[in-house]
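Colleague: From first to last, the protein sequence lines are chains A and B.
Following the working numbering, the numbering of the first sequence begins with 1 at its first residue and continues without gaps.
Following the working numbering, the numbering of the second sequence begins with 1001 at its first residue and continues without gaps.
Think of the hints as simulated: they come from the structure by calculation, not from any bench.
Hints should not be assumed to be uniformly reliable.
[What the hints assert, rightly or not] Quick list of the computed label-pair ranges, beta carbon to beta carbon:
hint: 1; chain 1: B; residue 1: Thr1020; chain 2: A; residue 2: Asp69; range: 18 to 24 Å
hint: 2; chain 1: A; residue 1: Leu8; chain 2: B; residue 2: Glu1062; range: 25 to 31 Å
hint: 3; chain 1: A; residue 1: Thr81; chain 2: B; residue 2: Arg1064; range: 40 to 46 Å
hint: 4; chain 1: B; residue 1: Glu1062; chain 2: A; residue 2: Ser51; range: 49 to 55 Å
hint: 5; chain 1: B; residue 1: Ser1073; chain 2: A; residue 2: Thr30; range: 25 to 31 Å
hint: 6; chain 1: A; residue 1: Gly40; chain 2: B; residue 2: Arg1097; range: 28 to 34 Å
hint: 7; chain 1: B; residue 1: Glu1014; chain 2: A; residue 2: Asn66; range: 47 to 53 Å
hint: 8; chain 1: A; residue 1: Asn66; chain 2: B; residue 2: Ala1002; range: 36 to 42 Å
hint: 9; chain 1: A; residue 1: Asp58; chain 2: B; residue 2: Val1012; range: 28 to 34 Å
hint: 10; chain 1: B; residue 1: Gly1059; chain 2: A; residue 2: Ser7; range: 23 to 29 Å
[Said to hold, decoys possible] In silico DSBU-like links for lysine-lysine, alpha-carbon gap of 35 Å or less:
hint: 11; chain 1: A; residue 1: Lys67; chain 2: B; residue 2: Lys1068
hint: 12; chain 1: B; residue 1: Lys1068; chain 2: A; residue 2: Lys56
hint: 13; chain 1: A; residue 1: Lys36; chain 2: B; residue 2: Lys1068
hint: 14; chain 1: A; residue 1: Lys70; chain 2: A; residue 2: Lys36
Fair warning: this is a prediction, and the values are worked out from it, not measured in the lab.
Each residue gets a CB set at the ideal place from its N, CA and C atoms; glycine is no exception.
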Amino acid sequence: GEDVEQSLFLSVREGDSSVINCTYTDSSSTYLYWYKQEPGAGLQLLTYIFSNMDMKQDQRLTVLLNKKDKHLSLRIADTQTGDSAIYFCAENGGDDMRFGAGTRLTVKP
Amino acid sequence: DAGVIQSPRHEVTEMGQEVTLRCKPISGHDYLFWYRQTMMRGLELLIYFNNNVPIDDSGMPEDRFSAKMPNASFSTLKIQPSEPRDSAVYFCASSPRGIGNQPQHFGDGTRLSIL
């Protein structure tokens, strides 16, 4: 099958940049998404990128897409304690939307 | 705007009992999804509907699980009989039109504990 893969944990210090990486396998994916899940809550769409783009910036968030390597990353600048959450990478491939296992980001003061 | 609304937020019941989870999608959204999230298996798609019709239920784990969408504003996920291994957080999500170019909006989930 086709899997979306992410590392499970990332720990950074407050004020540093965080980079969460994701690899996907479906080259037909049109959009790639980043969702954030805070404790006790559902997944919240953070940002997304169209597959013909290689970068998208939205305030402290930067998404980089390397379509050749099927690699997606999310950079959070000036990481704050409120950014501590689980971040999910997701791709759409036709009729299905597939999620990675999520990266748990811990921000230490 | 109201988001996806799920009820109950928490459910604790004994094994063997019937459990019904409820979802109200965002008005105007044509697609509705049911997911299950556990530590071991992560986020799993159970079933999704388009215009109230089930499209893909290949993720439904067993015949004990069933889902319905009697109208555009309501869906249920039922487990009968429930087992301890069904304990998880169940999410409902909805999206407008096609899956590919419209992101899914998630409810806050139902945390289900089967004793």
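Colleague: Starting from the hint 28 to 34 Å, judge whether the C-beta atoms of Asp58 of chain A and Val1012 of chain B obey it.
Modeller: Violated, since Asp58 of chain A and Val1012 of chain B (Cβ atoms, about 40 Å apart) do not stay within the stated range.
Colleague: Lying within 25 to 31 Å: is that true of the beta-carbon distance Leu8 of chain A to Glu1062 of chain B?
Modeller: Given about 28 Å between the Cβ atoms, the range holds.
Colleague: State, for the Cβ atoms of Thr1020 of chain B and Asp69 of chain A, whether the hinted interval 18 to 24 Å holds or is violated.
Modeller: Once the Cβ atoms are compared, 45 Å apart, the range 18 to 24 Å for Asp69 of chain A and Thr1020 of chain B is violated.
Colleague: Does Lys1068 of chain B lie within 35 Å of Lys36 of chain A when you go C-alpha to C-alpha?
Modeller: Given that 35 Å is the threshold and the Cα spacing comes to 28 Å, the pair holds.
Colleague: Is 25 to 31 Å respected by the C-beta to C-beta distance linking Ser1073 of chain B and Thr30 of chain A?
Modeller: With Cβ atoms ~28 Å apart, the hint holds.
Colleague: Look at the Cβ atoms of Gly40 of chain A and Arg1097 of chain B and judge whether their distance stays inside 28 to 34 Å.
Modeller: 30 Å, holds
Colleague: Quick check on a hinted range of 23 to 29 Å for Gly1059 of chain B and Ser7 of chain A, using CB atoms only.
Modeller: Once the Cβ atoms are compared, 25 Å apart, the range 23 to 29 Å for Ser7 of chain A and Gly1059 of chain B holds.
Colleague: I want to verify a distance hint. Is the separation of the beta carbons of Thr81 of chain A and Arg1064 of chain B within 40 to 46 Å?
Modeller: 41 Å, holds
Colleague: Is the gap between the beta carbons of Glu1014 of chain B and Asn66 of chain A within 47 to 53 Å?
Modeller: 50 Å, holds
Colleague: Looking only at beta-carbon atoms, does the pair Glu1062 of chain B, Ser51 of chain A fall within the given range of 49 to 55 Å?
Modeller: 36 Å, violated
Colleague: Check the following: the C-beta atoms of Asn66 of chain A and Ala1002 of chain B are separated by a distance inside 36 to 42 Å.
Modeller: Between Asn66 of chain A and Ala1002 of chain B, where Cβ atoms are some 38 Å apart, the hint holds.
Colleague: Quick one, are Lys67 of chain A and Lys1068 of chain B close enough, alpha carbons at most 35 Å?
Modeller: Roughly 38 Å between the alpha carbons, so the hint for Lys67 of chain A and Lys1068 of chain B is violated.
The structure is inconsistent with the numbered hints 1, 4, 9, 11, 12, although it conforms to all the rest.
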